[in-house]
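Enquirer: Following the hints, put chain D in place on chain S, whose structure we already have.
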Amino acid sequence: MSTTSRITAAALAAAVGMTTLAACGGSGGASADDKTVTLVSHDSFAVSKSVLAAFEKESGYKVNFVKGGDAGKAVNQAILSKDNPQGDVFFGIDNTLLSRGLNAGLFTPYKAKGLDNVPAALQLDKGRHRVTPLDYGDICVNYDRAYFTKHKLAPPTTLDDLTKPQYKNLLVTENSATSSPGLAFQLATIAKYGNAGWQNYWKKLKANGVEVVDGWEQAYNDRFSGSAAGAGKGDKPLVVSYASSPPAEVLGKKPAPKEAPTGVATGTCFRQIEFGGLLKGAKNEKGGKALLDFLLSKKFQEDEPLNMFVNPARKDAKVPTLFTKYGTKIDKPTTLPPETITKNREQWIKQWSSLVLK
Amino acid sequence: MRLGLMAVPLAFFALFFAYPVAAIVGRGLKDGGQWQLGRLGAVLTDPDIVHVLWFTVWQAAASTGLTLLIALPGAYVFARFDFPGKQLLRAVVAVPFVLPTVVVGSAFLALVGRGGLLDELWGLRLDTSVWAILLAHVFFNYAVVVRTVGGLWGQLDPRQEEAARVLGAGRFAAWRKVTLPALGPAVAAAALMVFLFTFTSFGVVQILGGPTFSTLEVEIYRQTADFLDLPTAAVLTMIQFAAVLGVLGLHAWTVRRRETALRLVDASQATRRPRGRGQWALLWGNLLIITVLLVGPLIVLVERSFAGPDGYGTIFYDSLRSAASADSTFAVAPLDALWNSLAYGAAATLIALVIGGLAAAALTLPRLRRSPSGRTPVVNRFVRGFDALLMLPLGVSAVTVGFGFLITLDKPPLDLRASWWLVPLAQALVGVPFVVRTMLPVLKAVDGRLREAAAVLGASPWRVWREVDLPMVRRAVLIAAGFAFAVSLGEFGATVFIARPDHPTLPVAVARLLGRAGELNYGQAMALSTILMVVCAGALLILERIRINHPGEF
Chain S
1 MSTTSRITAA
11 ALAAAVGMTT
21 LAACGGSGGA
31 SADDKTVTLV
41 SHDSFAVSKS
51 VLAAFEKESG
61 YKVNFVKGGD
71 AGKAVNQAIL
81 SKDNPQGDVF
91 FGIDNTLLSR
101 GLNAGLFTPY
111 KAKGLDNVPA
121 ALQLDKGRHR
131 VTPLDYGDIC
141 VNYDRAYFTK
151 HKLAPPTTLD
161 DLTKPQYKNL
171 LVTENSATSS
181 PGLAFQLATI
191 AKYGNAGWQN
201 YWKKLKANGV
211 EVVDGWEQAY
221 NDRFSGSAAG
231 AGKGDKPLVV
241 SYASSPPAEV
251 LGKKPAPKEA
261 PTGVATGTCF
271 RQIEFGGLLK
281 GAKNEKGGKA
291 LLDFLLSKKF
301 QEDEPLNMFV
311 NPARKDAKVP
321 TLFTKYGTKI
331 DKPTTLPPET
341 ITKNREQWIK
351 QWSSLVLK
Chain D
1 MRLGLMAVPL
11 AFFALFFAYP
21 VAAIVGRGLK
31 DGGQWQLGRL
41 GAVLTDPDIV
51 HVLWFTVWQA
61 AASTGLTLLI
71 ALPGAYVFAR
81 FDFPGKQLLR
91 AVVAVPFVLP
101 TVVVGSAFLA
111 LVGRGGLLDE
121 LWGLRLDTSV
131 WAILLAHVFF
141 NYAVVVRTVG
151 GLWGQLDPRQ
161 EEAARVLGAG
171 RFAAWRKVTL
181 PALGPAVAAA
191 ALMVFLFTFT
201 SFGVVQILGG
211 PTFSTLEVEI
221 YRQTADFLDL
231 PTAAVLTMIQ
241 FAAVLGVLGL
251 HAWTVRRRET
261 ALRLVDASQA
271 TRRPRGRGQW
281 ALLWGNLLII
291 TVLLVGPLIV
301 LVERSFAGPD
311 GYGTIFYDSL
321 RSAASADSTF
331 AVAPLDALWN
341 SLAYGAAATL
351 IALVIGGLAA
361 AALTLPRLRR
371 SPSGRTPVVN
381 RFVRGFDALL
391 MLPLGVSAVT
401 VGFGFLITLD
411 KPPLDLRASW
421 WLVPLAQALV
431 GVPFVVRTML
441 PVLKAVDGRL
451 REAAAVLGAS
461 PWRVWREVDL
471 PMVRRAVLIA
481 AGFAFAVSLG
491 EFGATVFIAR
501 PDHPTLPVAV
511 ARLLGRAGEL
521 NYGQAMALST
531 ILMVVCAGAL
541 LILERIRINH
551 PGEF
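In order, the protein sequence lines correspond to chains S and D. Just so we're aligned, residue 1 is where the first sequence starts under this note's numbering, counting upward by one. Just so we're aligned, residue 1 is where the second sequence starts under this note's numbering, counting upward by one.
Here chain D stands alone, though its shape is the one from the complex:
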């Protein structure tokens, strides 16, 4: 049964990830019909590459640490407190996630760069420093922590912690002994995703770090797309693979056996208005951080989209609207780009939910017992490998996947190169890990005895899933869908290679506009970005509101 559930995700990954990536790496390593293994040594001993690798790893680790430090209190606030505008704010913090890096880079420069707000107020400049990179990474990934950790935290029964306190534990001790272990897997999953995202960071490093900072991702991109030096790119991709596998191994090792059945309650039972000075301070502190770090750059974008040549106005929006009737094929009608983005997003979300949902279900099935000789059954190892496989796309360069698609998916029966479906398929590759990671902690927290009881009482596996699992994971599914949708809306790396020019997405249209001189183009880019922001926030708000009639008893 497990294998049955795994068949679809496995086929999906084999076809749309493993095959293209293996083909492009293989072509590089076998350049000119000869295995170029000598390259491996040459690249690995290049001091420049070693430097790049070191920087890539430490900035990713530092970004992950900083993001957790700043976002975990945020996750707590969202999980436990009720306050006006909470749903709107939860959608707003996810907006950075979908914005194109070129746009965000520009907004960040306006705040922390030369002539920026900080510079004018205090003479403080952070551009071309590593701080700008780290802060931008927090900006992008804040929502990842708040949503993955907060999703579970909001459903943890607060009475357990309260019980510990009644029994004499201090506030911190109760949190450390009761809540933290329960949250462990979710925190680890969030950390893993932030790490992988920042490990493959591309635009942020280029724009805010300047040319002196370079990551492995930037190098792979340059070697593939600019130099067409496939052997070197292949070696770098393999290094990237090795590093990502190492991180996945570390993650698997830390969370093993930590995932246990938890007492879950409905999120509404776990939240209340903050009480006492300490809790209010915590709430306000977090709101301040969100305002400065997340909303600040967004406001800059909105401001610029209205700052026309003759003072504030809607000139850029008006000119966007007239693009629909313009004669040039350069002009992208915003409604068309919006429609393309939404259609791709809906398709990618659906694919990611089906693939990710099946994978998560397969991973939750009870493990086979160890054999009397103490050896781990092969199946279990296979399952662990499968778990890691699902995460790999987050750690592999978009350019590798894009160029891989180009040379593999070009023949019948899989002549997808110019197909509309290629875009949502590529976007779903990045969406699936989010779906799996948000659903797994909740699915694993479901007490297996509930399922067994249902089965004993005669329920079919489908009915067990529908009556036991689904009600509990419904919230996780919605969060996962939100993620997959946001990933798709904002995905740029692979999309720019494969999106058909007659179907540009919003980020692709923004990048086109930014690539041209002139106030009008820049203003339109800002206006389109603002539209992208509003659409993203709106879509997430709607998703949050979908609450199919509550069973009420869990």
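Next up, chain S with everything else stripped away, as it sits in the complex:
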């Protein structure tokens, strides 16, 4: 009996030991002191180390990062943990998710320095300042230049073009239910044709042979013939991607080509605006405010394009030559009010799924 109880005691000790060990490792959590500030974001957040170091030196704060999957997941995680937030500032809630976050009461109002330099069109929470616009980008149909030159065909420019017979079986897009560019493209059609007409448009698109895959990675890397990924084995010269994808295709190419191998159909775009905000219940509110000011500072804004392939929100931020030379400026993107998107999102996705996938 004595050996039995000894083993039991040892086992219990091990359990307790492991728990404390684990608990001790947990001290690196949300900023408990006032010298660190924690930024919660999605996976794609990136910044130049030198720019970040300059902020840390100037402000005296050390920046911690918490990332939570893609944009949708990061927002949902923030909502789930809003009573005990994972950090002080959230980066990357876009206009398709904005209302969900605002309705959940995620943010404390704060007017960041430099907001006057942001165009009014981007300020979707004007007057209340619960969130601050930090960058924007467009989801557009991209085309493979080589294909259209070879076939002596003008690339499509509008949503209407995509239903024309000369573009039959050329487009691959993403599942609205699982991919945010896929959903944005659906929203572009809803914005263009309205609640009454978008389903009809998709019927025509389906009849014209649109192909749907689950994620952007498969659509762009595996199916799109214009991307260099996968040895150019893709079979679709049209794909739903970003307006910033052509500059990305040029990145690292030596010598630099005259133009990007892919182009953008400018009449097919939906604008995505990304916001940041001070999280309610932030442990370091003062530091959070400083961090938010930094995110809207000219220095960070000019650093954004090459790190995240988005456009800066500030008018006065300079855009790198890679963007001006190979990118396309989208003058008239479509958009929808965030409340409308949040209200109809699930229903629209359901309707789209039963229309297109079945």
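Derived from the structure by calculation, the hints contain no laboratory data.
Derived DEER-like restraints, expressed as beta-carbon distance ranges:
no. : chain 1 : residue 1 : chain 2 : residue 2 : range
1   : S       : K350      : D       : S129      : 20 to 30 Å
2   : D       : W131      : S       : K350      : 23 to 33 Å
3   : S       : T149      : D       : A326      : 30 to 40 Å
4   : D       : G26       : S       : K254      : 51 to 61 Å
Calculated cross-link-like contacts (lysine-lysine; reagent style BS3-like; alpha-carbon spacing at most 25 Å):
no. : chain 1 : residue 1 : chain 2 : residue 2
5   : D       : K30       : S       : K343
6   : D       : K411      : S       : K35
7   : S       : K82       : D       : K411
8   : D       : K411      : S       : K286
9   : S       : K113      : S       : K35
10  : S       : K203      : S       : K343
11  : S       : K62       : D       : K411
12  : S       : K111      : S       : K315
13  : S       : K358      : S       : K204
14  : S       : K343      : S       : K82
15  : S       : K298      : S       : K126
16  : S       : K289      : S       : K35
17  : S       : K332      : S       : K318
18  : S       : K318      : S       : K57
19  : S       : K254      : S       : K233
20  : D       : K411      : S       : K280
21  : S       : K289      : S       : K315
22  : D       : K30       : S       : K82
23  : S       : K35       : S       : K286
24  : S       : K49       : S       : K298
25  : S       : K286      : S       : K126
26  : S       : K283      : D       : K411
27  : S       : K289      : S       : K126
28  : S       : K111      : S       : K283
Just so it is clear, CB atoms sit at the ideal spot from N, CA and C, and this is done for glycine as well.
Expert: Same frame as chain S, but now just chain D:
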């Protein structure tokens, strides 16, 4: 004593599995302070959900069947034959297990998709068909069968089958009457694990099946992560639970009383070079299957990692190396990611071995006898429940566990949300079932009388374990450690939710790169995947080579 051994695994599962999952399901079912039981009916009668459930079950069953069909001969070849390069090949077949599904999906498309190899040669396309899903599942799970079944098979005394043949039994009859019953529990365990893995398949179904195929796992993920519809997700999770419990029950029922003491020998005594035309054909046939189905997609990855814009070269590897000094926080230095993966892997393996080892030991202790009234003692039922509990994490969605962690492990004394330890703990949850399942068949095969004899001669329980059990299970422990390590290296679902961004693992870094346009990013993703492959194979090779001085007599 049994309860003592069980205390640690029980505490581990209660804290890091039951509590988080119960919390997230509870929050969904009690949305807005009201029990949402009406949802249960609404979801269960939704024809879409019924369809998803049906597809989930049948594709898992079909994948399991196909994997067994293809991998069991492989297990035999690895267990019984000696051939050059065997150890390397055994490590190679385990590589798919650790690769991120996005990467494998891409490689599979290059082989069986449009414009792929099969398409160019024979005009054959399998993408968006269920075959692509099934074949990819075989690709991923081949090693599970080869390693769990082969581990035991290699230690079965071949003389028993030979004796049956001498006594006049045909080759097949001898195998069916002698070997198969002995292997039964291991085959059942392998089948169970493959089933659970494919039942919760996520990436493979999405990438290769296209948007028309959806599994329960995909639905739970969408409802939780995309829609934040926790009530529906909770109901779906409960359906998943019920299905998994049903499968576990079925498994327990088939293997009950089958596990008996076996004659085990050292693996080296059971293998020899193949003899005769039939055995050589079997060996070559299996090698061919491995080459086409397992090595083929791997070669595609390696090829792409070297296929730079100006012909073959190491440009992607070079650019990965320069990422270490790059200015952007996006760039992940490969050595850092590698180091993170290895450190997480070592910690997760250790946790899984301790928890799984204690659990397996507790499960092997002799059962209490039935009481005279014929009722099964409560303890035995409890033990059976414990056995099932250990397997549950394999059948539960990573997103459920990840979101559960988020809302439960956020307060002192368990404020682990941003802790380094959270990742290996989550990975160990998936590793423990492998440890238990590889060790149990071997532990149960140890003749209890050996232990009793040792005890009678005055050995303490610790000494009995060290002198009787350990020498026999050493090989199983190494196999189990290999599994736990591989699981940790490749784990992505939970890791992506909880890995700290300053400590990305290799799969997380690969996914980041694949999420961006541009040849450079894609090429770097392929290069990192190749590094992941090499590391995995290397680690398994080293583990296989560890052979602590043989006692030689068993």
